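J.: Protein chains in written order, with UniProt numbering: chain A, 1 to 195; chain B, 1 to 195; chain C, 1 to 195; chain D, 1 to 195.
Treat each hint with caution, since some may be false.
Any copy, or any two copies together, can satisfy a pair, since identical chains are not distinguished.
SDA-like mimics (lysine to any residue), calculated; alpha carbons at most 20 Å apart, straight line [as the list claims (entries may be wrong)]: (1) 92 x 159; (2) 92 x 115; (3) 92 x 151; (4) 33 x 132; (5) 92 x 150; (6) 33 x 116; (7) 33 x 73; (8) 119 x 145; (9) 92 x 132; (10) 119 x 135; (11) 92 x 149; (12) 120 x 95; (13) 33 x 134; (14) 33 x 137; (15) 33 x 162; (16) 92 x 120; (17) 120 x 170; (18) 92 x 35; (19) 120 x 60; (20) 33 x 65; (21) 33 x 119.
Please keep in mind that the hints were generated in silico from the structure rather than gathered at the bench.
No experiment lies behind these values; they were computed from the predicted model shown.
Protein chains: 4
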Amino acid sequence: MLPGPGGQGDGSRGPGQEGGADVLINSAGIVRKINITDEGNSDDVRAILDVNVLGVTWCTRQMFISLQCRNVNDGHVVFINSVVGHHVPAVKDFSLNMYAPSKHVITALTEILRQEFNKKWTKTKITSVSPGVVDTEIFESGSWEYPSGMPMLQSADVADAVSYCIQTPPNVQIHELIIKVKPSDVSKKSSMHSS
Amino acid sequence: MLPGPGGQGDGSRGPGQEGGADVLINSAGIVRKINITDEGNSDDVRAILDVNVLGVTWCTRQMFISLQCRNVNDGHVVFINSVVGHHVPAVKDFSLNMYAPSKHVITALTEILRQEFNKKWTKTKITSVSPGVVDTEIFESGSWEYPSGMPMLQSADVADAVSYCIQTPPNVQIHELIIKVKPSDVSKKSSMHSS
Amino acid sequence: MLPGPGGQGDGSRGPGQEGGADVLINSAGIVRKINITDEGNSDDVRAILDVNVLGVTWCTRQMFISLQCRNVNDGHVVFINSVVGHHVPAVKDFSLNMYAPSKHVITALTEILRQEFNKKWTKTKITSVSPGVVDTEIFESGSWEYPSGMPMLQSADVADAVSYCIQTPPNVQIHELIIKVKPSDVSKKSSMHSS
Amino acid sequence: MLPGPGGQGDGSRGPGQEGGADVLINSAGIVRKINITDEGNSDDVRAILDVNVLGVTWCTRQMFISLQCRNVNDGHVVFINSVVGHHVPAVKDFSLNMYAPSKHVITALTEILRQEFNKKWTKTKITSVSPGVVDTEIFESGSWEYPSGMPMLQSADVADAVSYCIQTPPNVQIHELIIKVKPSDVSKKSSMHSS
Numbered sequence: 001m002l003p004g005p006g007g008q009g010d011g012s013r014g015p016g017q018e019g020g021a022d023v024l025i026n027s028a029g030i031v032r033k034i035n036i037t038d039e040g041n042s043d044d045v046r047a048i049l050d051v052n053v054l055g056v057t058w059c060t061r062q063m064f065i066s067l068q069c070r071n072v073n074d075g076h077v078v079f080i081n082s083v084v085g086h087h088v089p090a091v092k093d094f095s096l097n098m099y100a101p102s103k104h105v106i107t108a109l110t111e112i113l114r115q116e117f118n119k120k121w122t123k124t125k126i127t128s129v130s131p132g133v134v135d136t137e138i139f140e141s142g143s144w145e146y147p148s149g150m151p152m153l154q155s156a157d158v159a160d161a162v163s164y165c166i167q168t169p170p171n172v173q174i175h176e177l178i179i180k181v182k183p184s185d186v187s188k189k190s191s192m193h194s195s
Numbered sequence: 001m002l003p004g005p006g007g008q009g010d011g012s013r014g015p016g017q018e019g020g021a022d023v024l025i026n027s028a029g030i031v032r033k034i035n036i037t038d039e040g041n042s043d044d045v046r047a048i049l050d051v052n053v054l055g056v057t058w059c060t061r062q063m064f065i066s067l068q069c070r071n072v073n074d075g076h077v078v079f080i081n082s083v084v085g086h087h088v089p090a091v092k093d094f095s096l097n098m099y100a101p102s103k104h105v106i107t108a109l110t111e112i113l114r115q116e117f118n119k120k121w122t123k124t125k126i127t128s129v130s131p132g133v134v135d136t137e138i139f140e141s142g143s144w145e146y147p148s149g150m151p152m153l154q155s156a157d158v159a160d161a162v163s164y165c166i167q168t169p170p171n172v173q174i175h176e177l178i179i180k181v182k183p184s185d186v187s188k189k190s191s192m193h194s195s
Numbered sequence: 001m002l003p004g005p006g007g008q009g010d011g012s013r014g015p016g017q018e019g020g021a022d023v024l025i026n027s028a029g030i031v032r033k034i035n036i037t038d039e040g041n042s043d044d045v046r047a048i049l050d051v052n053v054l055g056v057t058w059c060t061r062q063m064f065i066s067l068q069c070r071n072v073n074d075g076h077v078v079f080i081n082s083v084v085g086h087h088v089p090a091v092k093d094f095s096l097n098m099y100a101p102s103k104h105v106i107t108a109l110t111e112i113l114r115q116e117f118n119k120k121w122t123k124t125k126i127t128s129v130s131p132g133v134v135d136t137e138i139f140e141s142g143s144w145e146y147p148s149g150m151p152m153l154q155s156a157d158v159a160d161a162v163s164y165c166i167q168t169p170p171n172v173q174i175h176e177l178i179i180k181v182k183p184s185d186v187s188k189k190s191s192m193h194s195s
Numbered sequence: 001m002l003p004g005p006g007g008q009g010d011g012s013r014g015p016g017q018e019g020g021a022d023v024l025i026n027s028a029g030i031v032r033k034i035n036i037t038d039e040g041n042s043d044d045v046r047a048i049l050d051v052n053v054l055g056v057t058w059c060t061r062q063m064f065i066s067l068q069c070r071n072v073n074d075g076h077v078v079f080i081n082s083v084v085g086h087h088v089p090a091v092k093d094f095s096l097n098m099y100a101p102s103k104h105v106i107t108a109l110t111e112i113l114r115q116e117f118n119k120k121w122t123k124t125k126i127t128s129v130s131p132g133v134v135d136t137e138i139f140e141s142g143s144w145e146y147p148s149g150m151p152m153l154q155s156a157d158v159a160d161a162v163s164y165c166i167q168t169p170p171n172v173q174i175h176e177l178i179i180k181v182k183p184s185d186v187s188k189k190s191s192m193h194s195s
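The following block holds chain A by itself, in its conformation from the complex (with noise of 0.2 Å):
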């Protein structure tokens, strides 16, 4: 959650449009090492929703209330979705179990926002950015295994896209960006196709 402008009353808001958020950045995320189909995953399944569901939903809310308040009208949410928000892909080794539904849901919020905050006359855009598999510490213990030697986005990489996004002129909004890796160790074997 990137800061609005502070407190120093700058003069370039009125008042009451201070202490808030203007960008609201929803990258929260957990994975867990689970099948549906297995006993004893309540907990589990649970937190899966509580976080990527209900968690980016109440930040939204409590964001865009905050805009209204501030009378603030040119603010922007960006949903940290995933390529599995969109498509669920055969795995081979374990299951996506809710997380690639939790994130089919923030596909699906992304278009209910931009409904609501068009209707709401308000300029404050929507965005959701689906990244392939990115190094970050969503792999942690209990979770699901580190894909080493697997090609992966680097978390700078998508803070580069959200950047793209949230600088676009009024009239743009970028509706869903996704992004997948291009593999990098192809330098030595594409010689073999070039004469």
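Use these hints to put chains B, C and D onto chain A, whose structure you have.
T.: Then chains B, C and D, alone, in the frame of chain A:
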């Protein structure tokens, strides 16, 4: 939930195979008349996720565990999904709030469970049936307005679709069945177009 | 293409209603063993579009015009689509080249025609049936390898699905029916999972 | 189509690497004012496929072959797709005929080419940019009505998106970028919602 063979001991199944359901139809679902961006909606948002997502998840998990305990290998789980589980349409006068996202969960869960069922070597099937607007008690007090004058499917239409899906041969798995209403009052106007 | 009532004049339909088809099953489709990025594929790419897209389009248009000329208001057009008409899966050893895109056309055309049929006040329906791999003559010389050892649907399975779709009551339109094969050789292994 | 390095021989590339394009922007596209179900539309339907599908396919193939001949390993192909390449919206007064299906081809081709590029061990990237309605010369005589009064994106907005995509680092591949217009006339009305 359709009952499986009762406890009469007709001998067609061995010990431990009695008393459970072989076919589970997850048709529970609620709607609420809220916006995501409105204050005071926490209970309603949670209720939608509890019924439409967790209710479906727990029922499916317990039914699957029951099938395995009873050594039943050919069960069938059916999700009553929705057309808004696949795409969020532009709606003018209200918000599909957490309802459409909750149905997106069902679309994703269908594929998640298909993979889990196959990995666990069971012939039990999973099917999503996604109708457009159906004339049911979902339009109760406190939920959406009853869409009078709008063509709607009847519950029996959805039941017929489910009947088709659960009677397919063992190698055929209806993964998704999307049903839309066909407007029925066109006969008088169609004469304009024929000579 | 299923024949409608012939020219015998059995009286059940008035003048001008004879001699055409009331139900059209568009099941033609070809595949080619090419890459989009290879030289010399122009004829193959064109052939896929000609058969899978234009063939289907012309047949549907002519059938619709025939229905209107014969004053038949309750026809049915069925597209035999494919699971790859909805999503392009990751495939290891070959390219889905223009085949998957040509089936994406069918998915979109289903909705285009649904809207056109409604706008023209006809009760004629449109349905897309999207199976996974089916054991047909599409695996001919020059096309893809016959996927031996892989579970496949049979043509009769798809025909059964079509039969279901075309016998629904007038207000029920099966918009999309996705069929996946259920692996059939799991019975011997399933014993591992039951106690 | 952006020009690559010319024939001046600046030495930064070896023999055979000159004279071609390293970045290809496929922005050609036509619309027609027809219905799929109307007689006499064959030429228009073919024209849409020729320009929107085959034109894009041939240009991409030749550019890719040129890259390989010139031993260029880091090209970029960009498709100017459309929001209707992902979903066919409900449209009241006209038909999206073969236009929306032709854009669905582009969505599928993006993934097809991503896989082919990776299989051929090139670092050349593929990106789909899918804007909503853009104010361009596509609204020419014989095509769709100019949507006056409707908020539209400008060509420069799409060009900016392309600029962002082609300057990402080697490991980052923008797979899909969906842009929607944000209505700009809300400032005067937004005062109703702030206190």
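J.: I'd like to know which numbered hints this structure contradicts. Please list them from smallest to largest.
T.: The structure breaks hints 1, 7, 10, 15; every other hint is satisfied.
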